[in-house]
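Peer 1: For the record, in the sequence shown the residue sitting at position 160 is 448 according to my numbering, with numbers rising by one throughout.
Heads up, some of the hints might be wrong.
As the list claims (entries may be wrong) - Once the Cα atoms are required to be at most 30 Å apart in a straight line, the calculated DSS-like pairs of lysine-lysine come out as:
(1) K388 <-> K296
(2) K456 <-> K367
(3) K362 <-> K319
(4) K296 <-> K344
(5) K444 <-> K344
(6) K362 <-> K296
(7) K344 <-> K389
(8) K381 <-> K319
(9) K334 <-> K357
(10) K389 <-> K456
(11) K357 <-> K423
(12) K389 <-> K334
(13) K367 <-> K357
(14) K456 <-> K381
(15) K362 <-> K334
(16) K423 <-> K388
(17) K381 <-> K296
(18) K381 <-> K423
(19) K334 <-> K344
(20) K367 <-> K344
(21) K334 <-> K296
(22) K388 <-> K362
(23) K444 <-> K389
Read the hints as simulated data drawn from the structure, not as lab findings.
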Amino acid sequence: MIVRPLEKEDVAEAVRILLLSFDRELSVVFKDIYFAGEILREFFSKNAEGCFVAEKERILGFSRISFEKHDVSKFLREKLGLLEGLRAFLLLKFFVRNPKKGEAFIDFIAVSPLRRNEGIGSAMMEKLIEVAEEKEARRLNCIIRADSDAISFFQKFGFEVANILENKLAEKYFSSKQWLLMSKDLSTNE
Numbered sequence: 289m290i291v292r293p294l295e296k297e298d299v300a301e302a303v304r305i306l307l308l309s310f311d312r313e314l315s316v317v318f319k320d321i322y323f324a325g326e327i328l329r330e331f332f333s334k335n336a337e338g339c340f341v342a343e344k345e346r347i348l349g350f351s352r353i354s355f356e357k358h359d360v361s362k363f364l365r366e367k368l369g370l371l372e373g374l375r376a377f378l379l380l381k382f383f384v385r386n387p388k389k390g391e392a393f394i395d396f397i398a399v400s401p402l403r404r405n406e407g408i409g410s411a412m413m414e415k416l417i418e419v420a421e422e423k424e425a426r427r428l429n430c431i432i433r434a435d436s437d438a439i440s441f442f443q444k445f446g447f448e449v450a451n452i453l454e455n456k457l458a459e460k461y462f463s464s465k466q467w468l469l470m471s472k473d474l475s476t477n478e
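Given these sequences and hints, build the entire structure.
Peer 2: If you want it as structure tokens, here you go:
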């Protein structure tokens, strides 16, 4: 299996995996999972920076890491209109954070549901850590649900709970009041 940058021809399959992995959240953000697929395919066709796929004969995983501020709000307003675009942006903003200077943020790691627990997520995480270190990020962060099975996955790679986030908007729309900011100190790897 290889983990490599997302290419244009990968986008449809990568987005399919993202939709399968985060269907509940994306249905809330875009109100319709099929419409979410259309929007995300267009977005990632134009915004592939920091995106990686895990491939073994076919795409099995999709991940994204951010190093600087990205303005999704303009894209969402253009596609959804002012009010719906703003609504979608505010909901997504909880998960997709703009990293601080010298930090990186894992926006998501998605693995095909039928291929989980085969090391695909681990291979992608190793790649994201490697890329963050190459870009000289001092810290790597991610937000996950406080009741998520992913906690032990992140801890396996040296992430620690940096903060417990409580958000009424996230509770209302995503049925979970508490979220964890997981963080890995990369400055000790120098």
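Peer 1: Determine for every hint whether it applies to the structure shown.
Peer 2: Results of checking the hints against the structure:
Annotation: proposed proximity of K388 to K296 holds, straight-line Cα distance about 29 Å (limit 30 Å). Proposed proximity of K456 and K367 is supported: the alpha carbons are some 27 Å apart, at most 30 Å. Taken as a hint, the K362 and K319 pair is honoured in the structure, with Cα atoms around 19 Å apart against an allowance of 30 Å. Proximity of K296 to K344 is assessed by CA-CA distance (about 17 Å); at most 30 Å being required, the pair is judged to hold.
A distance of roughly 23 Å separates the Cα atoms of K444 and K344; the hinted pair therefore holds under the 30 Å criterion. With a C-alpha separation of about 22 Å, the suggested pairing of K362 with K296 holds against the 30 Å cut-off. Between the alpha carbons of K344 and K389 the distance comes to roughly 35 Å, so the proposed pair goes past 30 Å and is violated. For the given pair, K381 sits about 16 Å from K319 by alpha-carbon distance, which is consistent with the 30 Å threshold.
Restraint check for K334 and K357: the C-alpha separation of about 16 Å stays at or below 30 Å, so the hint holds. Proximity of K389 to K456 is assessed by CA-CA distance (about 28 Å); at most 30 Å being required, the pair is judged to hold. A C-alpha spacing of about 15 Å is found between K357 and K423, which places the hinted pair at or below 30 Å, so the restraint holds. Between K389 and K334 the alpha-carbon distance is near 24 Å, which keeps this suggested pair within the 30 Å criterion.
Taken as a hint, the K367 and K357 pair is honoured in the structure, with Cα atoms around 20 Å apart against an allowance of 30 Å. Under the criterion of a C-alpha separation no larger than 30 Å, the hint pairing K456 with K381 is consistent with the structure, at around 14 Å. Between K362 and K334 the CA atoms are separated by roughly 13 Å; this keeps the pair inside 30 Å, and the hint holds. This hinted pair checks out: K423 and K388 have alpha carbons roughly 14 Å apart, not beyond 30 Å.
For the proposed pair K381 and K296, the alpha carbon gap of about 25 Å is at most 30 Å, so the pair holds. Straight-line distance between C-alpha atoms of K381 and K423 comes to about 23 Å, which keeps the hinted pair within the 30 Å bound. Restraint check for K334 and K344: the C-alpha separation of about 24 Å stays at or below 30 Å, so the hint holds. Our distance criterion of 30 Å between C-alpha atoms is broken by K367 and K344, whose separation comes to about 33 Å.
Taking the CA atoms of K334 and K296, the gap is near 9 Å; set against the 30 Å cutoff, the hint holds. Between K388 and K362, the direct Cα distance comes to roughly 21 Å. Compliance with the 30 Å bound is thereby established for this hinted pair. About 25 Å separates the Cα atoms of K444 and K389, which keeps this hinted pair within 30 Å; it holds.
The structure does not agree with the numbered hints 7, 20 stated previously, though it agrees with the rest.
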